[in-house]
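There are 2 protein chains.
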Amino acid sequence: MHIDERSDEPIYQQIYRQIHDGVETGAYPPGSRLPSIRGLADDVGCSRNTVEAAYRMLVAEGYVASRPGSGYVACDLALVSPSAPERPVMLGEPAPCARYDFTYGDLEPGTFPAAAWRALTDDVLLSVEGVGCDAYNDPAGEPELRAEVAWRLTTQRGIDCTPDQVIIQGGTCSGVRNLLALFDPRDVVAMEDPGYGGVRAAVERARFAVAPCRVGDDYAHFLDDLDASGARLAYVTPSSQFPTCQVMPAALRARLLEWARDRDAFILEDDYCRDFRYRERALPPLATMDRDGRVAYMGTFSKSLSPALRMNYLMLPPTLLERWRAVFEGAYAEVPWLNQAVLGQFMHDGWDRHLRRIQVRNRRKYEALTGALREEMGDRVDVLENGTGLHLLVRVRDGRTEEELIEAARAGGVAVYGTKRYWARASAAPAGCVLVGFSAIAEEDIAPGVRALTAAWFGE
Amino acid sequence: MHIDERSDEPIYQQIYRQIHDGVETGAYPPGSRLPSIRGLADDVGCSRNTVEAAYRMLVAEGYVASRPGSGYVACDLALVSPSAPERPVMLGEPAPCARYDFTYGDLEPGTFPAAAWRALTDDVLLSVEGVGCDAYNDPAGEPELRAEVAWRLTTQRGIDCTPDQVIIQGGTCSGVRNLLALFDPRDVVAMEDPGYGGVRAAVERARFAVAPCRVGDDYAHFLDDLDASGARLAYVTPSSQFPTCQVMPAALRARLLEWARDRDAFILEDDYCRDFRYRERALPPLATMDRDGRVAYMGTFSKSLSPALRMNYLMLPPTLLERWRAVFEGAYAEVPWLNQAVLGQFMHDGWDRHLRRIQVRNRRKYEALTGALREEMGDRVDVLENGTGLHLLVRVRDGRTEEELIEAARAGGVAVYGTKRYWARASAAPAGCVLVGFSAIAEEDIAPGVRALTAAWFGE
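Going line by line, the protein sequences match chains A and B.
Mapping the first sequence onto the UniProt record's numbering, position 371 (from 1) lands on 371, and the numbers just tick up by one.
Mapping the second sequence onto the UniProt record's numbering, position 446 (from 1) lands on 446, and the numbers just tick up by one.
Isolated chain A, as found in the complex (with noise of 0.2 Å):
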């Protein structure tokens, strides 16, 4: 290494440069072993400081790693991403680089408030210079953002409940986690099958057994699964059934109440879509509905806000919730105060011209969604929706399969998902029936997208 102690340019900075070259030209092939911190600065006749800075840089470039044993070594430039962090995938199969994405879950860019959150960021650390950060929060969470949740739940979602019933949780995996906490480990929890993979997991990996409810032929099986299944906890999506897209009938609701109240059971009702209803009144909550206390309800900021701030909320009914007390008395809050200060101010000032705007928005490539599909499709498919969510299924009845379907999308610069894992077995799913998503994909490119899509399916 040659180091010109003259030079305008500082010496960690030579070292970088130098290391950085030879990495990148070859000079250190992958895997080869680099100067140790030590060796490098006796031999160049600095501080180690400045060759960590150095080596620093290029740890956080990728350009070197460090390695149990071996100290310093070059990186394989090929497995570098530059800037991509590995992201999990949450549906599956598509290649992440089809020119027109009908991914679900993730939100257009854009949607995230950014200029309202670092003011009212600002606003919250200035006021108290930060104190909440630096004591223990309550693990039940913020009482002001509770207070605004339960407002809202009582003045627009019809559901009676205090700010005490709210439990500000850590996204919807880690409420069901959480509230599982409640139960007997040996209690079987109920699941709409198909159902919320996500969930599944979460009930999975806590070590509960899951008993498959059959949503199919109009719920026709449901209530029968439900009896046999000796469930003291079930999982439902009333309001837009996952991924079905079914509204639960209300006769059914009344007889999932009863089953509750004579099984001394309880039902967590899932209302991840609320906030996005796009035709006529939809069904109020199953919550409105339970005088027996059975429902614990959930709800989401992951669609209206951010899925990467990890907040939704539990209301619990007063049982759950004094069983809740009594488990997590002592422990610690999982969602950070300050993010819970900073939504709890916005839902107080901006929450609702927010969620208007994301309203409008979502109902608009609703209708573009469902407007192309109906003018380039026809009756070549099925469209399953329920004017909610953001989200619907399309089959094709020619009997290609989802794997030929998705392939096929894939090879017109398409993306679409796959349904079959949602059932709890793959074979009683329906063939050809793939999840055309648009919450990620921007307006413009809907109709443009369903086109190609038309084109690779059909062949126009």
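These are computed hints drawn from the structure, not numbers from a lab.
Same chains, same label: a pair holds when it works inside one copy or across any pair of copies.
Computed list of lysine to any residue pairs in SDA-like fashion (alpha-carbon distance at most 25 Å, straight line): (1) 420 / 330; (2) 420 / 328; (3) 420 / 325; (4) 420 / 456; (5) 420 / 217; (6) 420 / 407; (7) 420 / 455.
Put chain B on the given structure of chain A with help from the hints.
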């Protein structure tokens, strides 16, 4: 209700004021029903939104509550603690209003670098327009933060690891709970006795059996207990045993690693106070001696940055990392993207200076506390500490119980904390031993606090 439409005071404010005053004066006694929103709007001749706005303020301020089935009712103001959220009491007994509070866990107000955090939040949200907030984030953590942690583990703690092995978690108990998901639910978890109650509670909530292993008598029985436990995971705090402040001897460390290797078991090393050392160099972490990939290493930001940001990290050995990937494949992140992005930036830019500031402050507090104890109490007490961490134990040898000591201190305006709770069998705990923390108390309160404690205990 009297509404003056010509008043400058907005109608919602008039409604708010009259109900507020009614509850304050007892005109609306606690539990009494208030007018419904619809009824009051009709009555006053205003919109329901107006009444809602007033009720929302009243609910948020605790004057009014919404009760299932009863609509809105007046609250009992005797139960309203003004602006004091119901905080979990981490250490138990003493009243939180002591003049001198030697609590442990919470930090001194002003510890959190609020100004830097505001500036970096601005930077992060401006630089990418908060785009990270619009998509699900990596459940293992953000790459930049993981690289910063790995860099420091490698260069400052001698633990060779790659950023891949570092998993960002939402606090010690969350990290432990997730680590347990890699084990069989019938596995036994060995824990130090006495030991950290928060982790024990988390293990028990996850329904794992706990095997206490005695650390008393210089760890004389520890290995025997461990051998007999059949445990597959041992949770230990070798650098400063919580709560006894013992350092695990080097010979025992080697035996512990052998135990793990021979039994196909793993060790979770919680190095919670490595950042704070005030005397001779401590023994290096157990993880630096681990040649067989048996040690998972856990570190925290709760003592150096904020207990309310809910972030810590695990460094997993290859075997556990592989299990982690299998179990948490497709799981959702538990730690918000924004907090990780800001912390990653802060560790890159300002961490070392911040940490030094907190280290210097804690060293001064440590010296003030040990000095004052020596000077004021002399050999009337044993002080158990090892020149690290943020607490020590004080044992009074005149036969008084911990309850008597805590009560005497309380009467003298000083809060100290019990230790019996940390023993698996409280009867095995030494008599008259209390915990004295210095993370939250101000430096200038330490000497007067110790004088007050001396007076309270020994009547001087």
